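Enquirer: Put together the whole structure using the sequences plus the hints.
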Amino acid sequence: GAVVSQHPSWVICKSGTSVKIECRSLDFQATTMFWYRQFPKQSLMLMATSNEGSKATYEQGVEKDKFLINHASLTLSTLTVTSAHPEDSSFYICSARAGTQGSYEQYFGPGTRLTVT
Amino acid sequence: GENVEQHPSTLSVQEGDSAVIKCTYSDSASNYFPWYKQELGKRPQLIIDIRSNVGEKKDQRIAVTLNKTAKHFSLHITETQPEDSAVYFCAASIQRNTPLVFGKGTRLSVIA
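Protein chains in written order, with this note's numbering: chain A, 1 to 117; chain B, 1 to 112.
Honestly, the hints are just simulated from the structure, not real lab data.
Just so you know, not all the hints are guaranteed correct.
[Said to hold, decoys possible] A few chain A residues facing chain B, derived, Cβ under 7 Å:
(1) F34
(2) S43
(3) L44
(4) L46
(5) T49
(6) Y104
(7) Q106
(8) F108
(9) G111
Only a predicted model underlies this, so the values are computations on that prediction, with no experimental measurement involved.
We treat Cβ as the ideally placed atom computed from N, Cα and C, and that holds for glycine.
Expert: Here is the structure:
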């Protein structure tokens, strides 16, 4: 089956620093990737939709200058949390859709737990 | 935009009993409805999905039903086992390249 990886799996950083999270589709080309944030005991909240070669589409309320998304290739999307603050501590999960016709399934990465101190 | 409501938020059942989780959606254009199981600290895992051209789908102990007219869909787990304990999310999507909109989740506890 399709595999999506994320790196790192967890990261602790100091307030004010930036953190980059990578999302890779390992065995398929992902024309579209999605970034979600999940706080404890809550649902997945969509942050942005990332399309290869174009700018990401951010959901309302998500600061695009704070959460920088780059989808430079069909297998890699990155999320950079700039000037991180404790309230940005969360579980960040990416997902990817294959480019094949008729495929609706999203494949999720294992997630990255970010802790900002 | 699409809004997905999920009930109940928590559900406890005795091992061997059935569990039912219900979701409603708002956008009649939605045509893909997956269900995910998420264990603590792990990624959501697809357990079953249904497209709008089908009313029911079954996979062993798991089944999903869809009522397009009423805009609701349900997950049915029969003969529950302790390992079924997890958080379950329903979701809806309009097109292939649009994101999934998730319900708020149901924490299922199966008591041995």
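Enquirer: Now, for every hint given, state plainly whether the structure supports it.
Expert: How the hints compare with the structure:
For the restraint placing A/F34 at the interface with chain B, the shortest Cβ-Cβ distance is roughly 5 Å, inside the 7 Å limit, so the hint holds. About 5 Å separates the beta-carbon of A/S43 from the nearest beta-carbon of chain B, less than 7 Å, and the hint is met. Hint status for A/L44: holds, given a least beta-carbon distance of 5 Å to chain B, under 7 Å. Using the Cβ-Cβ criterion of 7 Å, the hint placing A/L46 at the interface with chain B is satisfied: the shortest such distance is roughly 5 Å.
Hint status for A/T49 relative to chain B: holds, with the closest Cβ pair at about 6 Å, below 7 Å. Given hint, A/Y104 at the interface with chain B, holds; its Cβ is 4 Å from that chain's nearest Cβ, closer than 7 Å. Contact between A/Q106 and chain B, as hinted, is supported at the beta carbon level, the nearest pair being about 6 Å apart and thus within 7 Å. Using the Cβ-Cβ criterion of 7 Å, the hint placing A/F108 at the interface with chain B is satisfied: the shortest such distance is roughly 4 Å.
Contact between A/G111 and chain B, as hinted, is supported at the beta carbon level, the nearest pair being about 6 Å apart and thus within 7 Å.
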